[in-house]
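Protein chains: 2
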Amino acid sequence: MQHGGPLTHVHANRSRFVSELMEFVRIPSVSAQPKHAGDVKDCAVWLANHLRRVGLHHVAIITTRGHPLVYADWLGFSDRPTLLIYGHYDVQPVDPLDEWQSPPFEPVIRDNYLYGRGASDDKSQMFALIKALEAYIQTGGMLPLNVKCLFEGEEEIGSPNLTSFIEAKRDSLSADAVVISDTRIAAPDRPAITYALRGALSLELEVIGPRHDLHSGTFSGAIHNPLQALCEILCSLHDRNGRVAIPGFYDTVRQPNVEEREYLRRTGPTDAEILHNGESARGWGESGFTLYERTVLRPALTVSGITGGYQGIIPARALAKLSFRLVPDQDPSQVDTLFRDHIVKVTPRTVHSVVRTSSGAKPVLMSVNHPANRAAMVAYYRGFGTWPVFLRSGGTIPEVNTFQETLSVPVVLMGFASPDDRAHAPNEKFHLPNFFNGIATCIAFLQELGTCHVDVLSSFPSKRDAEVGTIRRCQWLSKHVAVAERGP
Amino acid sequence: MQHGGPLTHVHANRSRFVSELMEFVRIPSVSAQPKHAGDVKDCAVWLANHLRRVGLHHVAIITTRGHPLVYADWLGFSDRPTLLIYGHYDVQPVDPLDEWQSPPFEPVIRDNYLYGRGASDDKSQMFALIKALEAYIQTGGMLPLNVKCLFEGEEEIGSPNLTSFIEAKRDSLSADAVVISDTRIAAPDRPAITYALRGALSLELEVIGPRHDLHSGTFSGAIHNPLQALCEILCSLHDRNGRVAIPGFYDTVRQPNVEEREYLRRTGPTDAEILHNGESARGWGESGFTLYERTVLRPALTVSGITGGYQGIIPARALAKLSFRLVPDQDPSQVDTLFRDHIVKVTPRTVHSVVRTSSGAKPVLMSVNHPANRAAMVAYYRGFGTWPVFLRSGGTIPEVNTFQETLSVPVVLMGFASPDDRAHAPNEKFHLPNFFNGIATCIAFLQELGTCHVDVLSSFPSKRDAEVGTIRRCQWLSKHVAVAERGP
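Protein chains in written order, with this note's numbering: chain A, 434 to 921; chain B, 434 to 921.
Keep in mind that a hint or two might mislead.
With beta-carbon atoms standing in for the labels, derived distance ranges [said to hold, decoys possible]:
(1) B:R782 x A:Q534: 28 to 34 Å
(2) B:S597 x A:V777: 30 to 36 Å
(3) A:R789 x B:N482: 31 to 37 Å
Listed below are the simulated SDA-like cross-link pairs for lysine to any residue, each with C-alpha atoms no more than 20 Å apart in a straight line [unchecked claim]:
(4) A:K778 x B:R673
(5) B:K778 x A:A714
(6) A:K778 x B:E532
Just so you know, the hints here were simulated from the structure itself, not pulled from any lab data. C-beta: ideal position from N, C-alpha, C; glycine also.
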C-alpha cells in the first residue's frame with residue numbers, strides 16, 4: 434500500500450478509532466429487552482451518523498416492525514463487483530450483572546482488551562469493516578469496489594424482520610458477495626474463515642399444573658409439581674451418554690466425512706483448548722467425537738433457561754427455554770415436529786405441556802473454493818501475516834441462509850473474534866490487536882475482491898450441493914493446507 | 434353472654450372491624466424481600482398502636498436481628514391461667530403479580546370474601562383473636578384470664594430469630610397454654626382443630642459448571658449444562674411412583690395407625706375436595722394413600738423454585754429451592770444429612786453441587802385430650818354452632834415445636850382459614866363469616882380456658898410421647914366423634 438494510503442490512515446487514527454468504538458459499545462442496544470428499545474434506536478441513529486461521516490451515500494434508518502435496520506452504500510463503479518456488508522449493532526442482555534468486573538456499558542481497556550457488552554459480538558467486528566471503508570474514502574475518495582452496507586438491530590433475537598426485508602428488496606440489495614464479520618479466528622496468530630454454521634431452533638416449553646400456585650405444606654405429596662414434571666420431561670431429552678434422545682433426531686444428520694474430520698483435527702482447537710475457552714474442567718457429550726466435533730459437526734440441545742416458582746409453593750406453571758443447534762441435513766421445522774411429538778409422548782397425565790417455537794434457522798455450508806473466500810484468504814494473510822485456516826462454527830447466523838437462498842450470493846464469514854471473548858457472557862471483551870489486524874484484513878479484502886471480474890464471481894455457484902461441496906472442499910482444503918504450510 | 438357483653442360489642446362494630454382488618458392487610462409486610470423491610474416495620478408499628486387502642490398493657494416493639502416482634506399483655510389475675518397468643522403479621526411475596534385480579538395490597542371485598550395478600554395467612558386469623566380481646570376489655574374492662582401476645586414478622590421466612598428470643602425470655606413468656614390461629618377449618622360449617630403438623634426442611638441446591646455463562650452455539654454439545662445437570666439431579670429425588678428416592682428417607686417415618694387412618698378417612702377431605710381446593714385435575718404421589726394422607730401422614734419433597742440461565746447460553750450455574758415436609762419421627766437434621774449424601778452420590782463429575790440449608794422444623798403432634806383443646810372444642814361449638822373435627826395439617830408452623838419444647842406448654846391450633854383460601858398464592862382471600870365466627874370462637878375460648886384451674890391444666894403433659902399419644906388420641910377421638918355425632 435502506498436504512502437498516504439488506507440493503512441497509513443488507520444495508523445494515524447488508531448486512538449480515534451478506539452474511542453469511536455467505545456462510544457459505540459457504550460450504547461446499551463439490547464434487542465431482547467423492551468426497556469432498551471430506545472437505546473437500540475439511539476444506536477441506529479449513532480451508526481447512521483457515523484456512516485455519513487465516513488463518507489457513505491444513501492444512509493438511511495429503515496424502520497421495521499421491531500428494531501430498525503441501517504443502510505448505506507457507495508456505488509461508484511459500473512464494472513466492478515458489489516459487496517454487501519452485513520453486521521448487527523444489537524447486543525445480548527447483560528445478566529447476571531453482578532458478575533461483570535466493570536459495568537457492561539461503560540467500556541474500558543485492560544491489557545489491550547476492550548471490555549463491554551457487544552465488544553466482540555458484534556460491534557468491534559462490524560466496526561473494523563466500517564473503518565476499512567473510511568480508510569479508502571478518506572484517503573483516495575473512493576472504494577476499490579461497490580459496497581452496500583446493511584446493519585441489523587435484531588440479530589440477537591433471531592432476526593424476525595430481516596428475511597422479509599431482504600426478500601422485498603432483493604433487487605436493490607443485489608450483490609456479488611456478502612461479507613460478515615461475526616465469527617471467530619482460532620487465535621491472534623491463527624486467523625480463520627468459517628465455512629459452516631450450525632442451524633438453530635429456539636423453543637419454549639411450558640408445563641402447566643394447578644390453576645394457581647399452591648401452598649407446598651397443604652398440597653405437597655398429592656399434586657404433581659409442574660417444575661418437577663418439567664425436570665422429568667427435560668431429562669427425557671438426553672440419554673445417559675449425552676445424546677439427544679428424541680426419536681428420529683439424528684436420522685437426517687449427515688455422516689461425518691473422514692477427510693473433513695482429519696482436516697478439522699489438524700486445524701481446529703483441541704479438547705484442552707475448548708475447555709480452557711469454556712472455563713470448564715471437563716468435557717461432556719456424545720462419545721466418539723472430539724469436543725470440537727461435538728460443537729460443530731454434531732447437533733446439540735441446550736436448556737438455556739428455566740423459570741418457575743419461588744419458595745414455599747407448588748408453582749402453577751414452569752417454563753424452560755430450549756435451544757437446538759442443528760447440522761446438515763437437519764431442518765428446523767422437521768426437528769420442531771419431532772420435538773413436539775416427543776413432548777406429547779413424555780408429558781405425564783398429571784400436567785399439560787405447551788410448546789412455543791421462537792425461531793428457526795437452517796444449518797449452512799459455504800463453498801470454500803469460491804473466489805470470494807480465496808480473496809478473504811489473501812486478505813487475512815496481509816492483515817495477520819499468516820494464512821487462515823478454515824473452521825466450522827457451532828454458532829448460528831440465521832441471515833447467512835437468507836443471503837444464500839434469497840440473494841443467491843456467496844457469503845464470506847471473515848471474523849476477528851477470539852474463542853475466549855466471552856460473547857453472550859459477563860465480561861465480554863475484544864482483543865484490540867485483532868481489531869487493527871481486522872481493519873487491515875478488510876482493507877485487503879476490498880482490494881482483492883475489487884480485482885475479481887464480476888463474471889468470474891458469478892460463475893461459481895453461491896452454495897454447493899452439500900455432499901459434493903464437502904468432498905470438493907476437502908480436496909481443496911488438503912491443497913490449501915499444503916500451501917499454508919509452505920507459506921504464500 | 435349478657436346484653437352489652439363481648440358478642441354485642443362485636444355485633445355493633447362489625448364494619449369498623451372489617452375496615453381495620455383492611456388497613457392491616459394493606460401494609461405490604463413481605464418478610465422475604467429486603468425492599469419491603471420498611472413495610473414490615475411499619476406493620477409492626479401499626480399493630481403495636483392497635484394493641485394499645487384495644488387496651489392491652491406493656492405494648493412493645495422488640496427489635497431482632499431481622500424483623501421486629503410485637504409484644505403486649507393483660508395480667509389482671511393471680512389465680513387464673515395465662516394464655517400466650519401467637520400470630521404473625523408478615524406475609525408471603527406476591528409473585529406472580531400478574532395473576533392477581535386486584536392488587537395484593539389493595540384489599541377489596543367481593544362476595545363476602547376479603548381479597549389481599551395475608552388476608553388468610555395470617556392477618557385475619559390473628560386479628561380475630563385481637564378483636565376478642567378488645568370485646569372483653571372494652572365492655573367489661575377485663576379479660577377472663579391472663580393473656581400474653583407475641584406477634585412475629587418472620588414466620589414466612591422460617592422464624593430465624595424466634596426460638597432464641599423465646600429461650601432467652603422463657604420466664605416472662607411462661608403460660609399455661611398457647612393458642613395460634615393460623616390453620617384451616619374443613620369448611621365454613623365444619624370447624625376444625627389441628628392436632629398434627631408436618632415438619633419442614635428448606636434447602637437450596639446449586640449446580641455449578643463453567644466459570645461463566647457460555648455461548649450455546651460455541652459450546653453446546655461439549656460442556657455439561659448446569660441447568661440440565663440440575664434437572665438430572667432433581668429427577669433422581671423421586672421414583673416413578675412419586676415416592677422420595679433418597680435412600681433412608683422413609684426409615685424413621687412412623688407406620689400409619691389403622692384407627693387414626695379410619696378417623697382421617699371419616700373426618701378429612703376427600704380426594705375430590707383436595708383436587709377442587711388445589712384447582713387441579715388429577716392427583717399424584719405415593720400409592721396406597723389417599724390424597725389427604727399423602728399431605729398429612731406422609732412426607733413429601735417439593736421443588737418450589739428453579740432459576741438459571743436466560744436464552745442463547747449455557748448458564749454457569751443453576752439453582753433450585755427445595756422444601757421437604759416431614760412427619761413423625763423424621764428429624765430435619767437427619768434428613769438434611771441423607772439429602773446431602775444423596776446429592777454427593779448423584780452429582781455428575783462434569784459439574785459440582787452446593788447444598789445450603791435454609792431452615793428446618795420438626796414435625797409435631799398435639800395432645801388432643803388436653804383441657805385446652807377441649808376448651809377449644811366447646812369454643813368452636815359456640816362460635817360456629819357445630820362441633821369441630823380434629824385434622825392433621827400438611828403445613829408447618831415451626832414455632833409450635835419451640836413452644837412445646839422450650840415453654841413446655843400445650844399448643845392449641847384454633848384456625849379459621851378455609852382450604853380454598855389460596856394462602857401463598859395469587860388472589861389469597863378470607864371468608865368474612867369465618868372472621869366473625871372466629872371472633873365469637875375466640876371469645877368463648879378465653880371464657881372456657883379462664884374457668885380451668887391452673888393445676889388441672891398443668892397436670893396434663895403438654896406433649897404426649899408420640900406413640901402413646903397416637904393410641905390414646907385415637908381412642909379419645911372415637912369417643913369424641915361419637916359425642917360430635919350426637920351433639921353437645
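- Item | Hints the structure fails to honour | Going through the list in order, the structure violates hints 2, 3 and 6 and respects the others.
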